[in-house]
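*Asks:* All chains, full assembly: derive it from the sequences and hints.
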Amino acid sequence: MISLTENYFREILAGIISICPKAKQKSASKSLNLATAWIGFGEMEKGAFENTSFSDPKTVKKSLSELIGVNVSNSNQISTPLDEFGKLCELRHAIVHSAGLLAGKNAVKLELPNSRNSVKIKVGYSELQEAAEVCTSLVCAVNIELFINISTKWLNEWPRTPAYRDQNVNALFKKVWELFYSIFDERNGLISDSLTQIKTRNQIVRTNAA
Amino acid sequence: MVDWKKSVSACASTVTIRNISDYVDISAGSNSPIDSFYNERNDLLRSINPGYASSNPSIPPLVLV
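Sequences listed follow chains A and B, in order. The numbers in my numbering rise by one with no breaks, and the one at position 200 of the first sequence is 200. The numbers in my numbering rise by one with no breaks, and the one at position 22 of the second sequence is 232.
Since the hints were derived computationally from the structure, they do not count as laboratory data. By construction, the Cβ of each residue, glycine as well, lies at the ideal position given by its N, Cα and C atoms. Where hints are given, some of them may not hold.
Claimed, not checked - If you want a taste of the chain A side facing chain B, the calculated C-beta under 8 Å gives, among others:
no., residue
1, V119
2, V123
3, T136
Claimed, not checked - Counterexamples of contact, computed for chain A against chain B with all Cβ distances above 12 Å:
no., residue
4, S55
5, T80
6, L112
Said to hold, decoys possible - Just so you have them, the derived chain B footprint on chain A, three or more residues with Cβ under 8 Å:
no., region
7, 9 to 18
8, 90 to 97
9, 182 to 194
*Replies:* Laid out in structure tokens, this is it:
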């Protein structure tokens with residue numbers, strides 16, 4: 001579950017880099033392994049995150065801030081689910097690296113009480129469901145915040161860049177939409193304010209992305 | 211003659227991986243990143259139910275990671 005969340009971060013950041021000239025600018029000095037040219041070369045941008053572990057809230061915050069300019073703070077919806085995700089990452093560390101035995105420093109980070117004996121991770125069905133909700137909540141929050149950020153750049157910043165100056169802005173918005181839009185959420189009635197791509201685009205223009 | 215060096219545990223087998231390609235598949239990713247997450251998440255959660263989780267307590271932590 002946690003690695004799926006990590007992969008979401010890789011895919012969404014790679015997708016943004018591939019379409020946003022501002023993110024391209026900020027990521028241009030990132031290194032790629034030559035092997036990316038041979039395996040997975042259809043998604044070259046994703047290779048920029050091969051050596052990045054997103055199972056750490058600090059890395060998530062740093063990447064969102066440095067590449068996109070989204071700062072995780074109490075004023076946006078990412079902060080709380082990211083804190084909860086951080087707790088799951090401490091558990092993950094124990095499961096992956098020490099057969100489920102929680103190291104002292106990880107236990108302290110989780111503010112667990114002192115214990116004479118070692119502490120073992122015990123995840124049952126309901127804990128797994130709760131963890132899945134935490135990961136989903138984080139992915140949903142990040143998807144919305146990044147969509148708002150990139151749509152605002154599409155409106156105000158992209159048309160002024162040499163890369164997109166004479167481009168069809170509607171075609172560019174389609175790329176933004178396809179990167180963030182969830183068919184799953186739409187089919188399951190989970191989108192709170194459901195609009196078509198064109199109506200969304202028109203509303204962004206009419207409200208100046210407010 | 212009995213070898214004391216082999217007296218504490220089983221000896222290692224000489225197994226090798228027959229074909230590493232059998233362990234991988236080409237990923238066909240065409241969904242948006244959030245839908246890829248949902249699809250994989252749903253596949254994972256469908257693979258386990260409350261009865262299975264309580265009879266196999268070592269599995270849910272592996273699903274979590």
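*Asks:* Of the hints given before, which are not true for this structure?
*Replies:* 1, 4
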